[in-house]
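Asker: UniProt numbering applies: residue 1 is where the sequence shown begins, and numbers increase by one.
Some hints here could point you the wrong way.
Think about it this way: if two alpha-carbon atoms lie no more than 20 Å apart in a straight line, the pair counts; the simulated EDC-like pairs of lysine to aspartate or glutamate are [as the list claims (entries may be wrong)]:
| no. | residue 1 | residue 2 |
| --- | --- | --- |
| 1 | Lys-151 | Glu-106 |
| 2 | Lys-32 | Glu-148 |
| 3 | Lys-66 | Glu-106 |
| 4 | Lys-128 | Asp-192 |
| 5 | Lys-138 | Asp-153 |
| 6 | Lys-66 | Asp-11 |
| 7 | Lys-168 | Glu-148 |
| 8 | Lys-138 | Glu-106 |
| 9 | Lys-128 | Glu-115 |
| 10 | Lys-138 | Glu-148 |
| 11 | Lys-182 | Glu-120 |
| 12 | Lys-40 | Glu-70 |
| 13 | Lys-40 | Glu-69 |
| 14 | Lys-138 | Glu-73 |
| 15 | Lys-56 | Glu-112 |
| 16 | Lys-168 | Asp-188 |
| 17 | Lys-32 | Asp-119 |
| 18 | Lys-66 | Asp-127 |
| 19 | Lys-15 | Asp-58 |
| 20 | Lys-66 | Asp-153 |
| 21 | Lys-168 | Asp-209 |
| 22 | Lys-138 | Glu-160 |
| 23 | Lys-182 | Asp-192 |
| 24 | Lys-128 | Glu-23 |
| 25 | Lys-138 | Glu-120 |
| 26 | Lys-177 | Asp-127 |
| 27 | Lys-32 | Glu-160 |
| 28 | Lys-177 | Glu-120 |
| 29 | Lys-32 | Asp-107 |
Please keep in mind that the hints were generated in silico from the structure rather than gathered at the bench. The structure presented is a predicted model; accordingly, all values stated were derived computationally and were not measured.
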Amino acid sequence: MLYTAPMTQIDDTRKMILHAAVERILHYGYSKTTMAEIAKDCNMSAGNIYRFFASKLDIAEAMARKFNEEAYETFGVIVARKASAADRMREIFHYELARTYSAIDEDAKILEVAEVLGDERPLYMNDKLATERTYLVKILNDGAASGEFRKLDNPDVVAEMWQSALMKFRFPQLFSKLTLPKLQREIDGVMDLLLAGLSPGATLPPPWDGVTAATEAACAETSGMILKNKLNADH
């Protein structure tokens with residue numbers, strides 16, 4: 001009969017591997033860490049570690065999911081507060097800005113993990129955003145029900161647009177070199193505009209029909225062709 005380890009034993013081993021991986025990755029960096037080295041830190045064979053994680057990328061994703069658990073707990077606390085919907089929306093995004101900025105500021109090697117997951121695990125990133133939207137939708141529905149926000153036909157889409165507009169402020173070192181105070185000033189300005197669009201008197205503009213013409217003009221030539229034409233024009 002095939003022996004299967006108890007689930008608690010498997011969980012404990014996974015936690016041990018994750019702990020060792022975090023220690024090594026934060027010290028040496030993701031690209032300079034190997035599965036064999038993590039296994040050695042755990043006093044197990046290189047082959048044995050693959051019973052628990054199929055790849056180093058799976059370990060990186062597990063690290064990120066563990067990092068996000070605290071965020072989801074905090075989101076739940078914010079959603080339950082007896083504050084205005086606008087204040088709660090602001091608090092969630094300010095919290096996420098400060099949390100991700102500080103994580104990278106304290107250890108830049110986390111930035112490498114964020115970049116790798118963004119490039120190689122888009123489904124994980126999409127899942128993270130979808131989970132976050134469940135909290136945003138609750139706040140949006142509260143605001144619409146109380147009359148603080150205008151009636152929303154599709155709160156999930158509105159939440160998605162908020163995330164898109166504020167993507168720069170999620171692991172902001174991926175996008176800019178601004179200090180945290182400057183980023184906080186920017187995110188407040190963007191949220192002022194977003195909240196104005198949710199106010200009871202706000203109306204959506206008519207659909208814009210110029211997107212086809214704009215994209216056709218921009219995509220008529222490749223970037224290489226444009227650069228060559230500009231260089232030739234300089235001669």
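Asker: Against each hint, give a clear statement of whether it holds in the structure.
Answerer: Here's how the hints hold up against the structure:
1. Lys-151 / Glu-106: violated, 42 Å
2. Lys-32 / Glu-148: violated, 51 Å
3. Lys-66 / Glu-106: holds, 18 Å
4. Lys-128 / Asp-192: At roughly 25 Å apart (the allowed maximum being 20 Å), Asp-192 and Lys-128 break the hint.
5. Lys-138 / Asp-153: holds, 14 Å
6. Lys-66 / Asp-11: holds, 13 Å
7. Lys-168 / Glu-148: At roughly 27 Å apart (the allowed maximum being 20 Å), Glu-148 and Lys-168 break the hint.
8. Lys-138 / Glu-106: Violated - the C-alpha atoms of Glu-106 and Lys-138 are around 32 Å apart, more than 20 Å.
9. Lys-128 / Glu-115: Within the cut-off at roughly 15 Å; holds.
10. Lys-138 / Glu-148: holds, 14 Å
11. Lys-182 / Glu-120: violated, 30 Å
12. Lys-40 / Glu-70: Distance of about 29 Å is beyond 20 Å: violated.
13. Lys-40 / Glu-69: violated, 28 Å
14. Lys-138 / Glu-73: holds, 15 Å
15. Lys-56 / Glu-112: Roughly 13 Å separates the two Cα atoms, so the pair holds.
16. Lys-168 / Asp-188: Between Lys-168 and Asp-188 the Cα gap is close to 13 Å, so the pair holds against 20 Å.
17. Lys-32 / Asp-119: Status holds; Cα separation ~18 Å.
18. Lys-66 / Asp-127: Holds - the C-alpha atoms of Asp-127 and Lys-66 are around 14 Å apart, at most 20 Å.
19. Lys-15 / Asp-58: holds, 13 Å
20. Lys-66 / Asp-153: violated, 34 Å
21. Lys-168 / Asp-209: Distance of about 27 Å is beyond 20 Å: violated.
22. Lys-138 / Glu-160: Satisfied, since the Cα-Cα distance of roughly 13 Å is no more than 20 Å.
23. Lys-182 / Asp-192: holds, 15 Å
24. Lys-128 / Glu-23: violated, 24 Å
25. Lys-138 / Glu-120: violated, 30 Å
26. Lys-177 / Asp-127: Answer violated: Lys-177 to Asp-127 is near 27 Å, above 20 Å.
27. Lys-32 / Glu-160: violated, 35 Å
28. Lys-177 / Glu-120: violated, 24 Å
29. Lys-32 / Asp-107: holds, 15 Å
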